[in-house]
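Given chain A, put chain B in place with the hints provided.
Chains as they are written, first to last, in the working numbering: chain A, 1 to 546; chain B, 1 to 467.
Please keep in mind that the hints were generated in silico from the structure rather than gathered at the bench.
Glycine residues also receive a C-beta, built at the ideal position from the N, C-alpha and C atoms.
One or more hints might be untrue.
[Unchecked claim] Label-pair distances were calculated between CB atoms; the ranges are: (1) B/Gln40 <-> A/Glu131: 53 to 61 Å; (2) B/Pro439 <-> A/Thr106: 49 to 57 Å; (3) B/Val436 <-> A/Thr210: 47 to 55 Å; (4) A/Asn81 <-> B/Phe158: 49 to 57 Å; (5) B/Asp308 <-> A/Arg62: 26 to 34 Å; (6) B/Phe196 <-> A/Gln172: 23 to 31 Å.
[Stated by the list, open to error] Keeping only pairs whose Cα atoms sit at most 20 Å apart, straight-line, the calculated SDA-like set for lysine to any residue is: (7) A/Lys133 <-> B/His350; (8) B/Lys50 <-> B/Pro245; (9) B/Lys320 <-> B/Glu333; (10) A/Lys133 <-> B/Arg385.
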Amino acid sequence: MAKITMDGVEYEVSDGLSVVQASAEVGITVPHYCYHPSLTSPANCRMCLIELTPPGAPGPIRQLATGCSTRVADGMVINHNTPTVQAARASSLESLLAHHPLDCPTCDQAGECELQNFAQKFGHDVGNYAETKKTPPRKHLGPHVDLFTTRCVVCTRCTRFTEEVSGDAVLQLVNRGGKNEIDVYPGIPIDNKLSGNVVDICPVGALSSTDFMYRSRPWFLEEVDSVCTRCSKGCNITVEHREGETVRIKPRFNEDVNEFWMCDDGRYECGYVNSPDRLRMPFAREGDDLVACGWSDVFDAIAAAVQAAGGENVAVIASAWSTNEELHAVRRFATEAVRTSLIGLLSAAGDDEDTVYPGFTIEKDKNPNGAGARLILGDEVAQDSAIWDVLRRAKAAIVFSGIPDAELSDDAVEALEALDFLAVVDVGTSALTALADIVIPGTAYTEKDGCFTNSQQRVQKLNAAHPPLGTAMREWEFVRYAAEALGAEFDYTDEASVTADLVASTPAFAGVTLEAVGKRGYVLGSGEAEPEADNGNYAYAKMFWK
Amino acid sequence: MGKPKELRILYENLDVPDMHTIEVYRQHGGYGSLDRLFTQEPSDLVDIIKDSGLRGRGGAGFSTGMKWSFVPKDIEPKYLCANADESEPGTFSNRYVLERKPHSLIEGIICACWTLGIHTAYVYIRGEFTLGKVRLDAAIKEAYANGLLGESVAGKDFALDIYTHAGAGAYICGEETGLIESLEGKRGQPRNKPPFPAVQGLFMKPTVVQNVETLCNVPFIVSKGAEWYKTLGTVYSDTPRGTDPVNTGTKLYCISGHVEKPGVYEIEMGLTANELIELAGGVRGGNRVKAVIPGGSSAPVLTPYECDVPLDFTSLQMAKTMLGSGGIIVMDETVCTVHALTNLLDFYAHESCGQCTPCRNGTPWTRDISKRIEQGGGQPGDVDRLIEVANNIANVDTFTWNTICVFGIAVSWPAVSFARKFRPEFEAHIREGKCVTLPVDEAVTPPEENYAWPQVLAEVAQKPSWD
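Looking at chain A on its own, in the form it has when it is part of the complex:
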């Protein structure tokens, strides 16, 4: 810890922080545009100017220092509120706003814009700029990214992101001086899997997401903390939703997992959540058609099928897209209600290799909870193509999927078609539901509570943004009723009760509680929960990262 004095008050702050971070740690907002804690600091926006007295110096240095490039040290004295500092910050802001079009009424960023925030807190009431404003045209930089050039403050966060994190340096400054603009090289759009992050780090409304454009005012969005499902990394995310619709996914800071970033797969390919093809009620097969039915029909059909086939001949296939809780419930359902040993694990097809960028890795395992599934079902559980062999030994099967756009091999189709009875739990119509006798609506990750275990063995919590669609019920609930229909009693009342049951019966999950998981996650076997962090970048993220 370093002892510093800010605005006349002594504080103890973490070592090695920039003044911007240290100030955030103690609750002082230092305005800035170019600085981002995960990127280099060029100190070009000149908003974080401070009066600095280095340790041991008799008085402040004559020139104002920049809070972003100054690291705190024991005995440092910093002033954020001298008239000189205030005037310097206000004049930088006035400069930034000189050419700004003030088109807040039509700007997506309005409401979460640092120009608005800092202008209110640190700016002049009235602008003095009376000359002609520049009006460079809007540019389409890539499939997901547009640049409203007039709004740009040339902080170069985005160019540094493409240089330092995505590594392709597709965004560059062109021209010079007042004509500086962000642009791509001719014919080379920003089209990598991290492109959405440049929209996040843009402190103003310049870089805009074409997916989110004009869809909602940010202040109408409700937020829940969640975890991305698109690979085993388990990026922490915020699901922003409005009136039952998931509108935007944004990365949430977690120093140990994804820092400030996430990939476009997770960010934009959540479209299936709002898809019209989602299942809203159970269906039963009548000839070639699937016909809507009631839940009692579902449980009756399952009970009848299990009885007809004999429990030991019924396969239960769990999904690597299910939460720890769901997997535990499914395992108990298989062993205690169905009484079968034919258990498999359905996974989404992965990549051959991780996708590695200089500052971010997208993992090859495209399942959010493969690690949790192997812990709960056991390492020896049938996986990948082996599950079709399991099905060949069965007469009936209950398959949990929830994997959007899952494809089936000929082998799989053959095995599934040979079954006398197939019940499928899925989020939408799919290759699996096409073969099913009973189709059970599942919940997407935005509709359920529970935990995933990522490839670091870190248990992370997702929270429901919406209730299940239509008459759908959450998987653990469905399992409880299905077990009841088979004569087994599961004492599940809510998500937490399933968690408690999981922890009590699975040694690997010893010590896991929702409190211990918290916002940062809990690494299995680490013994101790990581406390809720409010220092360093967590403090920064809380103050500046939405």
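Just chain B, lined up with the frame of chain A:
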């Protein structure tokens, strides 16, 4: 005291035909300093340079010996960058060195590199100096062929390579860290300091960036000694605290504008602006002087009232302006100072690298206000607005800047000084709604009103006698 006269040291034999070739350069004593050089210890040489009082000729006037003493000895490699990106408007002395006496620069580089233990030097040449680059490249080739560069310099156990690099036309690449960035192949944008180049410069190694003129002084100090060098120029004995009183040596004064004989004059430091104008044949057609820019276009302008200020680092600092690069621009009574300022600010608006906010937006802003006043669209309050906007880039009164580099003050100095010192002319433009050129006496703000009158330094320890 007689009249000031030229004393050619750096420019000695500049006009001798083929002086740019090694043969002719050697015939006139070129590379003579190397014999002395290699017999001395590098650390002694740093002391000699420090003792000579040589100050950087690029603009800031920082003590060269002091700068060299900051260079860490134990870090390898170290680099020397010769700054030949001479682009300050009104300055053209390095160009003649490159075109006519390039070997003197090479000799200076050899002296500096031996002193600092540097084995690689870069010469960053302004892109427009095509002949200068051709001549310097040829000279470097000759120097290699004659064993003055390469594995063993002049037969000594000392290796030195010199590379030239042509700039692409950016003024800001003359700023030392902008130059370093450009040399590394990046956008020419100055870096934040600290770290200073002497600690982390080119390729993040200790780097010394020196102006061509500074380097050309070094061989003379090496061969003739600090004592000799100190007999040239002016040293003050009574200066305010924090002001360097030493102005030794000659200076290449580039005088241009409305004088009869513009050009480069090498004179001992200490003559006044009026004396220099006289030396350059006086103002054209016997006109009156209206304004004089004393040190390249960034330097605050002088009014006719101030033209008796000696053109040396110390006196001009006292007069709240600077010697800068020694580019003196003389404007006579026909000049509209609003137009002159607009022209200057247009240059700065064009040349701002755009990296940091106050300069990127502030510089075109000052230009636009000035242009509006010139074209008759000025509003009451615009002069104060112009001064305020310029002071927000860099405050000339407190000498602090909100920008990354000193380009900020290079903009606000001319903007604020023109607006304050020629305020009546600016106000007349606004009042009349058109461009009006006032007579000198009416155009200039009386000196007692609101700008600094040069303080005459009380005691002069040494001043050239010109006899």
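In rising order, the numbers of the hints this structure does not comply with: 9
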